[in-house]
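Chemist: The whole structure should be built from the sequences, with the hints applied where relevant.
First to last, the protein sequences are chains A and B.
Going letter by letter, the first sequence gives residues 1 to 424 in my numbering.
Going letter by letter, the second sequence gives residues 1001 to 1424 in my numbering.
If you're looking for bench data, these hints aren't it; they were derived computationally from the structure.
Since the model is a prediction, treat every value here as computed from it, not as a measurement.
Cβ coordinates follow ideal geometry from the N, Cα and C atoms, glycine included.
Take these hints with a grain of salt, some might be off.
Residues from chain B that face chain A, not an exhaustive set, calculated with beta carbons under 7 Å [unchecked claim]:
#1 Leu1039
#2 Tyr1263
#3 Ala1266
#4 Thr1276
There are 2 protein chains.
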Amino acid sequence: MLLDDCRALDAQDPLAALRDLFTLPDGVIYLDGNSLGVLPKAAPARIAEVVTKEWGEGLIRSWNSASWFDLPQRLGDKVARLVGAAPGEVVCTDSTSINLYKVLFAALSQQAASGRKLVVSERSNFPTDLYIAESMCRERGFTLKLIDASELPAVLTDEVAVLMLTHVNYRTGAMHDMKAVTAAAHAAGVLTVWDLAHSAGAVPVALNDSDADFAIGCGYKYLNGGPGAPAFAWVNTRHAGKFEQPLSGWWGHAAPFEFTPHYRPAPGIGRYLCGTQPIVALAGLECGLDTVLAAEAFNGDFGPMMALRTKSLALTDAFIELVEQRCAGHGLELVTPRNHAQRGSQVCLSRTEGAYAIVQALIARGVIGDYRAGDSQMPDILRFGFTPLYLGFEDVWNAVEHLVQVLETAEWKQPAFNQKNAVT
Amino acid sequence: MLLDDCRALDAQDPLAALRDLFTLPDGVIYLDGNSLGVLPKAAPARIAEVVTKEWGEGLIRSWNSASWFDLPQRLGDKVARLVGAAPGEVVCTDSTSINLYKVLFAALSQQAASGRKLVVSERSNFPTDLYIAESMCRERGFTLKLIDASELPAVLTDEVAVLMLTHVNYRTGAMHDMKAVTAAAHAAGVLTVWDLAHSAGAVPVALNDSDADFAIGCGYKYLNGGPGAPAFAWVNTRHAGKFEQPLSGWWGHAAPFEFTPHYRPAPGIGRYLCGTQPIVALAGLECGLDTVLAAEAFNGDFGPMMALRTKSLALTDAFIELVEQRCAGHGLELVTPRNHAQRGSQVCLSRTEGAYAIVQALIARGVIGDYRAGDSQMPDILRFGFTPLYLGFEDVWNAVEHLVQVLETAEWKQPAFNQKNAVT
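Modeler: Right, dumping it as structure tokens:
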């Protein structure tokens, strides 16, 4: 693959114009949309309108006149289109961790009578998911059992209450087959809780078609909602009205403005709301969701997310090919699955030495990816996320060109690139 | 009291210039800062900077370069100055309801070995607090006992684990004596959880001097943080490092960037953080906090919040006097205590008929207060919040003048003012 091939791919790319929906800093190739999505061009004006008009002028009247109270459901309906859910099944609210707490609580409540006492998750799951599960298991008399993905489905015995998985692994980019795993879980009497943090807006997700039980996801990665944007929660309609989650605040009440002293949960997903939500942050999230939904026009007959998915796989294929072609002999190992069906929208490379410094050297050159520390099973990782909304094939070429230069000149060995900051 | 008296009070008001810190809509007298504070003038530019510079240009690098990760603690230190707490004792995060869940959980954990099984709260507490307590009590084997304030302290027996109170009642404006109630609770072996939603930024609060145990509060009322701004949590240092709250997300981890699979809580209040916070919303909250802290310069030797408190009481005194003087015979009853020591920063009037419509007629005239439904113990309420940062005595005069006109012309009987909206 040559630079001209990349340029030709860009010239044929039906999604190329979507890049104009974003404000990208000059001189930056942004391969970290899996950590924080890029600013939508519409966001500053929309946020300013919410601040100066809706808050500043409307004040308390905007709860009605600007429909603030409906935002979690209205934005939830937009998320639903991206994750194979129906209108009224998703709410945008709180953080991913807090939503996980709600749905995991509900899932365990549903299994209370079964006598099953294990929650199974992957050892390599995103730590905060494990922390939430660890705490809840201790509190509610369950045990958290950590496994490797290869132990599925054999590990799903009649002792298992809930299987809690992140659909696309944050570190490796490996993707589960949601439908097959859910079917295996259900066959064993196990409920599924899916974290879609690296899936929503990144890969096709078919929650209802997969017959999943519970799902949560993040607003500020591939959904481009802004730093710390509210997250979302989905619950299968067969469960949604059945169990009360314990964060029973007034926004989840069936009649929040009656101010009655007893809690009566709203029907369906509405009960997964708790307290008053950050309206300005929700406005930012809506701008982000609209950028992803703009790609719907290009899906043709192939269903939601298919145009983005097609380009995402082409971008990650190109990156893998160029790294293997041009960085051979530099000790980089491909961690992300080569098989399309098992790959998210990121490519992770491991290296036994210097992964952190190489990432820093790339960032200094304007190629922003990130680093994740290794463990006993895996060396340190260079992580590159590919967001087809605002990345092209020439970006991929240029990113690899910078990587080649960093490796060939040993630029990464400079002391400045080897001092770890708190946040990477 | 005459209009000229009000103008004279404004002329002598040392805080009068603080109104310039805010953008108030033309033609509005805003008596609802106890529900949603007014837009600080600094907020639009600061929020735009966070959106376009920190998010748009800095992208993921802003976690370091813009110190996003420190925001909950840095803003918490500002809140601490307003509630009688020390630096490092407060975090700004999540919603009031979720923070209540955390601290109530911690308080009940601390009482687990005591065998005490009651959580006591007021029947007239803000409903969401009761919903959270109701859910947690059911889950953890406690019973929620609702009382009237007059039953304190007699109700504090050796069966009571936790006394959960809102410092200033959302509906009546009545204020508890935090120090005396806490002392009575401790004498009975009871821990205290205080909701400061209508206190922080409104009245002096002395958490450490009162030896309170746990407190939470709201960012978007008297702290002017914007709609749905993040809330805050404070825990007495003797408890803060002792108990794990169950919302154990990565931001509360002792070493969040080690990504270890097991949760190790941060020391102190840091463990009351959970997931990633909405950065843009936190920026708005900081602008709001800065408006309240601007009043510190006027406190003299009388401690934090004293200048604001002095003016707040003068405003509510003037409002009470003018209503009694000019609206006599119109069936309005003062609900808020006349005694300064028992009064928050709001005045509530009850009326057996037409309270909702009178509030709507006032809003149509630009006098924005709000309505709260009555119950078996109290007729419907007209609620007026007085924020000394941006209200003057002539505003009070004009508000009462509008009230007089609405009552004397029976303007409120127009059908349009008698159709209830969902949100009031």
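Chemist: Hint by hint, say whether it matches the structure.
Modeler: Verification of the supplied hints:
1. A least Cβ separation of about 4 Å between Leu1039/B and chain A falls short of the 7 Å threshold, and the interface hint therefore holds.
2. Of the supplied interface hints, the one on Tyr1263/B holds, with its beta-carbon coming within about 4 Å of a beta-carbon of chain A, less than 7 Å.
3. With 7 Å as the threshold, the beta carbon of Ala1266/B stays out of range of chain A, its nearest partner Cβ sitting at about 12 Å, so the hint is violated.
4. Checking Thr1276/B against chain A: minimum C-beta separation of about 5 Å stays under 7 Å; hint holds.
Going down the numbered hints, you'll see the structure goes against just number 3.
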